[in-house]
Structure formats: C-alpha cells, structure tokens
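Work out the full structure, taking the sequences as your base and the hints as a guide.
For the sequence shown, the positions run -23 to -1, 1 to 99 when mature numbering (1 follows the signal peptide of the UniProt record, and there is no 0) is used.
Please note: incorrect hints may appear among the correct ones.
[Claimed, not checked] So the derived label-pair ranges between C-beta atoms look like this:
# : residue 1 : residue 2 : range
1 : Thr7      : Pro43     : 28 to 36 Å
2 : Gly46     : His96     : 17 to 25 Å
3 : Ile97     : Pro25     : 31 to 39 Å
Don't read these hints as lab results, they were simulated from the structure.
Quick caveat: nothing in here was measured; it's all calculated off a predicted structure.
Using N, Cα and C, we set each Cβ at its ideal position, and we do this for glycine too.
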Amino acid sequence: MRPFQLLPAITIFISLEILGVAGYWDCNGTLILYENVRAAVDFAFSCPPGSFYEYPSIYRSQPPWPGLGQLREFPITASGKLWQGSFFREYIAYYILATQDTSYCQVFATEGLGYECTHILG
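What follows is the structure in structure tokens.
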C-alpha cells in the first residue's frame, strides 16, 4: 500500500470500528439496538444492586473469566424504554448480562426455555 493510500484506509477502518459499536442484538426477529443496551447498562450501574423493583442491577459474583470485573444482570425492552418495571420475572422478555464498560455484554430472551440473542455488528 502506498503512503497516500494509507490515510483513507485508516479512516475507513476507524469508521467501521465506530459503526461496529452501533450494532444490535437479534432475538428471533426482535431487534434490540446497541443504544438501548448502552443506556440500560449506564442506568443499571448507577443504581445499587437490587435497587429497582428488586430485580435489575443484580450483582453476579462469578464472572466468566478472572479479571472481568463486576457483572450485573438486568431487564431491557426492545423499545426506547429502559426497564420492564415488573416485580415478577416472568413478565421480563429480555435481559442483559454486562460489565459497566460493556467489554462483556450478552442479551438473552426469556421466551420458551430462554436463549442468547445474536449480536450483529452495524
């Protein structure tokens, strides 16, 4: 690659990296946007564990690998609303398991036996 071609290549790479963050999770056809997930994570980590209707912000003591940091599990909707806001877990359709910086972030659906949603990069 010639030096004058390097700058556009770097620009494209950075743009793709930024767009990749703006992906979504596909839960059998229901799309949950990254912006909703990020807002929910920010809100969950601003609350003490177990503080919102006794459900969101649940501290998980066993991270999948050492050094990951604190994990919290909390509900999310596919709409612009952040929380399902229910005392009963059976009314929660989707939930997130994430670290505060979203270096680890998974979205799950509760329908049927439950399943992990597919993360699609934007």
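These are the hints, each one checked on the structure:
1. Thr7 <-> Pro43: 28 to 36 Å: holds (33 Å)
2. Gly46 <-> His96: 17 to 25 Å: About 19 Å separates the Cβ atoms of Gly46 and His96, which means 17 to 25 Å holds.
3. Ile97 <-> Pro25: 31 to 39 Å: Hint holds: Cβ distance 32 Å, inside 31 to 39 Å.
In the structure shown, no violation is registered for any of the earlier numbered hints.
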